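Residues per chain, in single letters:
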Amino acid sequence: MASRSASQRFARQITPWLVPALIVIAWQVASSLGRIDTRIMPSPFAVLKAGETLALSGELWTHLRISFVRAMLGFAIGGGIGLALGLITGLSRRGELALDSTVQMIRTIPPLALIPLVILWFGIDESAKLFLVAFGTLFPVYINTYHGIRSVDPGLVEMARSYGQRGWPLFRDVILPGALPSILVGVRFALGFAWILLIVAETISASSGIGYLATNAREFLQTDVVVLSILLYALLGKASDVVARLLERRWLRWNPAYQNV
Amino acid sequence: MNAPLATTATRGVALDVRAVSKQFGERTVLDQLDLRLDRGEFVALVGRSGCGKSTLLRLIAGLETASSGDITADGKPHAQAQAQTRMMFQDARLLPWKTVLQNVGLGLPGDWKAAALNALAEVGLEEHAQKWPAQLSGGQRQRVALARALIHTPRLLLLDEPLGALDALTRIEMHQLIERVWQKHGFTVLLVTHDVQEAVALADRVILIEKGQIGLDQAVVLPRPRTRASHEFGALEEHILNRVLATPQSPISPSGLDAVVHFGALRWAQ
Numbered sequence: 001m002a003s004r005s006a007s008q009r010f011a012r013q014i015t016p017w018l019v020p021a022l023i024v025i026a027w028q029v030a031s032s033l034g035r036i037d038t039r040i041m042p043s044p045f046a047v048l049k050a051g052e053t054l055a056l057s058g059e060l061w062t063h064l065r066i067s068f069v070r071a072m073l074g075f076a077i078g079g080g081i082g083l084a085l086g087l088i089t090g091l092s093r094r095g096e097l098a099l100d101s102t103v104q105m106i107r108t109i110p111p112l113a114l115i116p117l118v119i120l121w122f123g124i125d126e127s128a129k130l131f132l133v134a135f136g137t138l139f140p141v142y143i144n145t146y147h148g149i150r151s152v153d154p155g156l157v158e159m160a161r162s163y164g165q166r167g168w169p170l171f172r173d174v175i176l177p178g179a180l181p182s183i184l185v186g187v188r189f190a191l192g193f194a195w196i197l198l199i200v201a202e203t204i205s206a207s208s209g210i211g212y213l214a215t216n217a218r219e220f221l222q223t224d225v226v227v228l229s230i231l232l233y234a235l236l237g238k239a240s241d242v243v244a245r246l247l248e249r250r251w252l253r254w255n256p257a258y259q260n261v
Numbered sequence: 001m002n003a004p005l006a007t008t009a010t011r012g013v014a015l016d017v018r019a020v021s022k023q024f025g026e027r028t029v030l031d032q033l034d035l036r037l038d039r040g041e042f043v044a045l046v047g048r049s050g051c052g053k054s055t056l057l058r059l060i061a062g063l064e065t066a067s068s069g070d071i072t073a074d075g076k077p078h079a080q081a082q083a084q085t086r087m088m089f090q091d092a093r094l095l096p097w098k099t100v101l102q103n104v105g106l107g108l109p110g111d112w113k114a115a116a117l118n119a120l121a122e123v124g125l126e127e128h129a130q131k132w133p134a135q136l137s138g139g140q141r142q143r144v145a146l147a148r149a150l151i152h153t154p155r156l157l158l159l160d161e162p163l164g165a166l167d168a169l170t171r172i173e174m175h176q177l178i179e180r181v182w183q184k185h186g187f188t189v190l191l192v193t194h195d196v197q198e199a200v201a202l203a204d205r206v207i208l209i210e211k212g213q214i215g216l217d218q219a220v221v222l223p224r225p226r227t228r229a230s231h232e233f234g235a236l237e238e239h240i241l242n243r244v245l246a247t248p249q250s251p252i253s254p255s256g257l258d259a260v261v262h263f264g265a266l267r268w269a270q
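In the order they appear, the protein sequences are chains A and B.
Each residue of the first sequence is one higher than the last, beginning at 1 in my numbering.
Each residue of the second sequence is one higher than the last, beginning at 1 in my numbering.
For the record, the hints were derived by calculation from the structure and aren't laboratory data.
Any given hint might turn out to be false.
[Unchecked claim] Example chain A residues on the side facing chain B (calculated, C-beta under 7 Å, incomplete):
hint: 1; residue: G155
hint: 2; residue: L156
hint: 3; residue: M159
hint: 4; residue: S162
hint: 5; residue: Y163
hint: 6; residue: G164
hint: 7; residue: Q165
hint: 8; residue: P177
hint: 9; residue: W254
hint: 10; residue: P256
[Said to hold, decoys possible] Computed beta-carbon distance windows for the label pairs:
hint: 11; chain 1: A; residue 1: L247; chain 2: B; residue 2: A134; range: 17 to 27 Å
hint: 12; chain 1: A; residue 1: R161; chain 2: B; residue 2: A134; range: 22 to 32 Å
hint: 13; chain 1: A; residue 1: R161; chain 2: B; residue 2: L241; range: 28 to 38 Å
hint: 14; chain 1: B; residue 1: S137; chain 2: A; residue 2: F171; range: 23 to 33 Å
hint: 15; chain 1: B; residue 1: R224; chain 2: A; residue 2: R245; range: 53 to 63 Å
Here the structure is a predicted model, which means the values were calculated and not measured.
The beta-carbon is built from N, C-alpha and C at its ideal position, and this holds for glycine as well.
Looking at chain A on its own, in the form it has when it is part of the complex (with noise of 0.2 Å):
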């Protein structure tokens, strides 16, 4: 019985990798048999290479390191504002009133229409980059927000009034828990969007960072490390994913839903 399960919980870790490692086994296959131009697309292995290459180089880690500050600070300061505002506009229906519909429409903005303007205005420097991510990351942030403090249950805030709870307290022990599993399904989707943003950023104006990397690749030719790069990408896209799912698990351990996922 307990080997089943074993076994039955080994399936269940091996199974969502078995897609991507036949795509890979395919795609080597592939490129040995001539089938794929390598000039157009390399084969894995080829990839691999590339990565040993720029690792042993150090410029790898450099990128990497630049990439992921940048995404995590933009994140830090357009999560923060979106998180403040929606804040406001959820426990009070003056600042609904005076904020929302403000916050909504610019929310219509494709954060990409920017770019020439970002440039124009900051030029092709770090604050570019951060603006960019922080403009896309501070709306999923703040709609979840709004949205998770208006829909606590308002049996429970009637309960806490009774029960003498106000201010703080209130906000503390019933209002934030309530929204808190929405929150974080905007914290996620955030998440995912900031690096979207930052590789359309980075490909256009940097000096560093992955974006740049491929770029750079692409005027050499070099389809190995343009597809490092995206590559790159996706694995830190799926990082950012699992840190805010953790979180989930963590903070929201009282739920059912998240108990065991």
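Put chain B on the given structure of chain A with help from the hints.
Just chain B now, with coordinates in the frame of chain A:
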């Protein structure tokens, strides 16, 4: 049985509801209603859906304000005495992100853990202290809600159909528990219920609310603990039930009922 009641009865509050009215828009839910509760008395409010019994309870709890009239506790305006009043709702309303123990200690200052464990022990749930509310049954959750009310040593306990969603066996266990803690602590109780049998089993007085006023005020002078099988119990229950059934439906209910029947008929027809 009488001796502890006499000594603890001072802990209950004497509640006086005078000429209280409540309107929601055009609709008058309570109309110049008068009600007196003695110290330590257990009173049950019965009546059809929408008769205003829950509204009366929510007014006393301070969750809503009366359109006119006043409510006093021991001669003082009741609004100033919310700290001595605790309410149990139809659903337990436990905070799902707090453990059972933390829920019982909600809003208490200082070191409340020992007191919360005591309160849980009183409702027989001390071994569940570290569980999440989602891991408990409906009856257990209501017992936690009762412990959460008891820890504040209330002088007035308001019960808004707290057992309505429980199965019959759990309900009988809860009756015994509520009667026991009431006799031990001596607070005043006002219970809103649909279940006339529950009212007769627990209350000193059963009051029927109809058309926003008191339609029947029936003392229940049966020895405790009460046995449902006795002739007197059955006669009293039937008397009150017939009186409830004799009241015309309030304007809200019929349309709602029609809709349900209609929907049922449609489904059967297919």
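Status of the hints after comparison with the structure:
no. : hint                           : result
1   : G155                           : holds, 5 Å
2   : L156                           : holds, 6 Å
3   : M159                           : holds, 4 Å
4   : S162                           : holds, 6 Å
5   : Y163                           : holds, 5 Å
6   : G164                           : holds, 5 Å
7   : Q165                           : holds, 5 Å
8   : P177                           : holds, 4 Å
9   : W254                           : holds, 4 Å
10  : P256                           : holds, 5 Å
11  : L247(A) to A134(B): 17 to 27 Å : holds, 20 Å
12  : R161(A) to A134(B): 22 to 32 Å : holds, 23 Å
13  : R161(A) to L241(B): 28 to 38 Å : holds, 36 Å
14  : S137(B) to F171(A): 23 to 33 Å : holds, 30 Å
15  : R224(B) to R245(A): 53 to 63 Å : holds, 55 Å
Hint check: no violations occur; every hint is consistent with the structure.
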